[in-house]
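Student: Spelled out from the first residue to the last, the chains are:
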Amino acid sequence: MILPEKYQLLRKNFRNFAETEFTDELQKKLDIEGGYEAEMYHKMARYGFTGIKIPVEYGGQGGDSLAYVLMIEEFARVCPVLAIYANTPNSLGGGPLVMCGNEEQKKKYLPDIASGKKHIVFALTEPGAGSDAGGTLTTAVADGDDFILNGRKCFVSGAPIADYAIIYAKTDPSAKGSRGISMFIVDLKLPGVTIGKAEAKMGINGYPTSDITLDNVRVSKADLLGPLNDGFRMAMKTLDGGRLGISAQALGLAQGCREEAIRYAKERKQFGKPIAANQGVSFMIADMATEIEAARELIYQTAIAKDANSPDSSMKCAMSKYFASEMANRVAYKAVQIFGGYGYIKDYKVERFYRDARIMSIYEGTSQIQQLVIANTLLR
Amino acid sequence: MEYNSAKIEDFHDIWVFCEQRSGKLMETDFELVSEGRKLADERKAQLVGVLLGENVKELAKEIGGYGADKVYVIEDPSLKEYSSETYADALCQIVMDKKPEVLLIGASTIGRELAPRCAARLHTGLTADCTHLDIDMNKYLDFLKEASSIDLSTKKFKMEDTNLKMTRPAFGGHMMATITCPRFRPCMSTVRPGVMKKGEYDPAKAEKLVVEEYHAALTDPLVKVVKIVTEEKKGVDLTGAEIVVAVGAGISKDVEKGMALANELAEVLGGGVVAGSRPAVEAGWLDHELQIGQTGKTVRPKIYVALGISGAIQHKAGMQDSETVIAVNSNPSAPIFEAATYGIAGDLFEVVPKMIASIRAAKAAK
Amino acid sequence: MKIYVCVKQVPDTSGKVAVKENGVLDRASMKTIINPDDLNAVEAALQIKDQEGCEVIAVTMGPPAAAGMLRELYAMGVDKAVLISGREFGGSDTFATSQVLAGGIHHLGLEKEDIVFCGRQAIDGDTAQVGPQIAEKLNIPQITYAGEVRYENGKVFVKRMMENGYMEVEAETPVLITCIKELNTPRYMTVRGILDCFDKEITVLDYPTLENEPLIDKTTIGLSGSPTTIFQSFTPPVAKGGEMLEGTTQEKCDALAAKLVRKQLI
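Protein chains in written order, with the numbering used here: chain A, 172 to 551; chain B, 86 to 451; chain C, 902 to 1167.
Hints are computed from structural coordinates only; laboratory data are not their basis. Glycine included, C-beta positions come from ideal geometry on N, C-alpha and C. One or more hints might be untrue.
Have a look at the derived ranges for each label pair, beta carbon to beta carbon [as the list claims (entries may be wrong)]: (1) C:Arg988 x A:Lys199: 49 to 59 Å; (2) C:Glu1073 x A:Lys199: 44 to 54 Å; (3) A:Asp478 x B:Ala368: 30 to 40 Å; (4) A:Ala465 x C:Pro964: 21 to 31 Å; (5) C:Gln948 x A:Lys288: 15 to 25 Å; (6) C:Arg928 x B:Gly369: 25 to 35 Å; (7) C:Met902 x A:Gly315: 17 to 27 Å; (8) B:His300 x C:Met902: 33 to 43 Å; (9) B:Thr315 x C:Gln948: 26 to 36 Å; (10) A:Leu197 x B:Asp406: 32 to 42 Å; (11) B:Leu307 x A:Asp478: 28 to 38 Å.
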């Protein structure tokens, strides 16, 4: 797809930012030490990256899904975990507010999120409920002007550094399956909120993931987000956007792998010639590039379809996520293979790309869930 | 419009602006006076220095010793420290009055500020940061034969051309350009420090020098100097170094001597930084800060010397953009030679001492 | 208060530089960028804008394609972008270029409280001459090699870098300042800036518009108004890549030294 000039300039700016700011030292530090680089988050906020999809009237940049996808792609091409920094406020964190928030809520929360002053995360998964929301055990019981929340959320990306979380809780115990669930904006400094210890992860280190435990947390009714008892449908809509973001992240990672692999294959010599001169290597590169191009076209088209409210955009988001994340894993595998022994050494970026890729076919709905979404849409 | 600077037949002699700071002449002044002497001889003209400052007349003699026939001295309290305004006023006044054909200025941070201001006021051309100057066409063609890839047999030049031919690197050193200023005078050029060769000081010439005072009308400058601070040079800056000598596993046989040779070579080349490949750093011969390559620093110096480095691609990734690469390795098929501009196959402990001697000799003979 | 920033679109000499067989640069095959020092000048201007809320005007002389660069400056935060373009201006050397830029700035209006920023030098020519020449032609003082700039109540305070230290200088506006890389880190474009910059107007000043400017005269601009000419351009004889020196060790070393002398490296 030939991008209009505006998007080309966006891409140039994202790339310049990533290549300049995401230094090798920072990437290595994040990978080895974990933690979180607050300064980078604020830097992104300064240029509007953390509010790219948030409307201008709420302090955001008013960009569309294609602009957002280009940003995540370019950031992930250099560093997949730092792409998440810019992703969360535009996607799972800020997304539900933009989509379902009333005027008061949007005015209260979005400007600080867009400007990077506050961090908001998304908490859906529970120990007993992942893709199957029917197992949600977190409850919210109305009490005067408040709801009282109890339960435990797990694998919450960004929880240790967040100010707010979008929490999904059962508000109608009699409703079956995914019904009777509502969304709440929960201030994580409220009494009764406990943030767990950051998980030790295989990759995507540098953006901590932990539990959130809610023990009789009193949340104002003003912070009920969207319609009562209809939260899960909203969650699914948010996840459409989230899946598009993960697709872009996988695409960027694959692009990074491809560039590393081509450079290395041209330089590395064995048997008196660059290894790229062997078809065994060059065909791997051809496969990588072909898959990446296919994913890119699918993702960009999906972004446009989503903004146009095309009826099949939900399915396309699932297709993008399914194809791009599996593709990224195949590409990262080949990149490591081309690097040989060096690809197994942490000094080389493909080693990290390989580990980072693994989560992409898992988080925000596994590949199998995406298949389910696609199949259900087609066979409906 | 008509310009006085266009009456080129009114302009004579080769002039050098002699920069002084805190009452001391700059090394570049002597280089320019020596070069100016050659040009004056080619043009059969006088070589004249211009010296601005306060109580600087005593310095003129030294300029004469390097070949100047005459020095104009403009003294004024407001010329004590450099100011683009008073200096431009003084220099432009004397140039308009005495009309030199050529005006050379050292390409220091002062010269490169002063010269364009003056050229604009004098309505003439200025060529920046020159590295080679000729007047005589035969000499210029000899230079082209050496320094260019031009096939001179296919080219026709006007041999009677007497314009100053000013050659300088362009496009980040990827090209060279020779510039002339045929319609206006003086031909102005700033000349890169350290490029022209300083001649021998001749006390007899210093005695023969004519010193003439000149008075210029100056006004108070609008840019006020509050303070001048002189700083010691900073510590080692590998990434920005213009000259890097890197050692590799090849010095393992005698590390101490290998490091000493590398240091000496770096100094002879003009003061460079000694760094190392990953094996050299991991062996503890050099600090981690000085590692070049994939997992270390990337450098783009003017001269990169690889001593006893095989040239794994991990290493090349950190130095392949260097302008000139000199490689010394005992293995003639070491990959470093593919990245080298000049390769010398041989034992570095034997090669480097001779290399140092040859470079010293070449510099002295320049 | 207005701040003018002079900028130039240049071929990216840090990448591959293509030279045609006749020794002339193949500009068409090269990527163009905003001259790096000019970005420091833009940043310096925008920092004063952040502080004072003044207007920042970017001015360039170049072909119509330079408009792309000006859009990027809009996206960084400049308020107005001016493109001085016309065949009459083509082939200008530094003298003629400064003449045109000074003429353009004069046309737009330079007042007592204004500042002009330039990059120290452009990477295609490395001359560092245009800044001071604009100052001379606008008849305002100049401060070059700015390593630190502060603005307060109509006065600039600048750390002017030298080879072995610096000068602290101050001047009242109007003044022209040339900026070096160490001055600051240029900001990126903002997303909103990019989304909006394609709708912003670029002011084009062509020759007929500037014709009546006192500085603009056929004898002072373009190729015919340029005092200098390129007598000969050429590439150095030895191409990069693997020349193995032959002979005894002594001969190899002597050959090396001779080559380094010829390339003016020692």
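Student: It remains to establish, for every hint, whether it holds in the given structure.
Tutor: Status of the hints after comparison with the structure:
1. C:Arg988 x A:Lys199: 49 to 59 Å: 53 Å Cβ-Cβ, so the 49 to 59 Å window holds.
2. C:Glu1073 x A:Lys199: 44 to 54 Å: About 49 Å separates the Cβ atoms of Glu1073 (chain C) and Lys199 (chain A), which means 44 to 54 Å holds.
3. A:Asp478 x B:Ala368: 30 to 40 Å: violated, 58 Å
4. A:Ala465 x C:Pro964: 21 to 31 Å: Because 38 Å falls outside the window, the suggested range is violated.
5. C:Gln948 x A:Lys288: 15 to 25 Å: The hint (15 to 25 Å, Cβ to Cβ) holds, given that Gln948 (chain C) and Lys288 (chain A) are roughly 22 Å apart.
6. C:Arg928 x B:Gly369: 25 to 35 Å: At 49 Å between Cβs, range violated.
7. C:Met902 x A:Gly315: 17 to 27 Å: Taking Cβ atoms as reference, Met902 (chain C) and Gly315 (chain A) lie about 57 Å apart, which means the hint is violated.
8. B:His300 x C:Met902: 33 to 43 Å: holds, 40 Å
9. B:Thr315 x C:Gln948: 26 to 36 Å: holds, 28 Å
10. A:Leu197 x B:Asp406: 32 to 42 Å: violated, 23 Å
11. B:Leu307 x A:Asp478: 28 to 38 Å: violated, 56 Å
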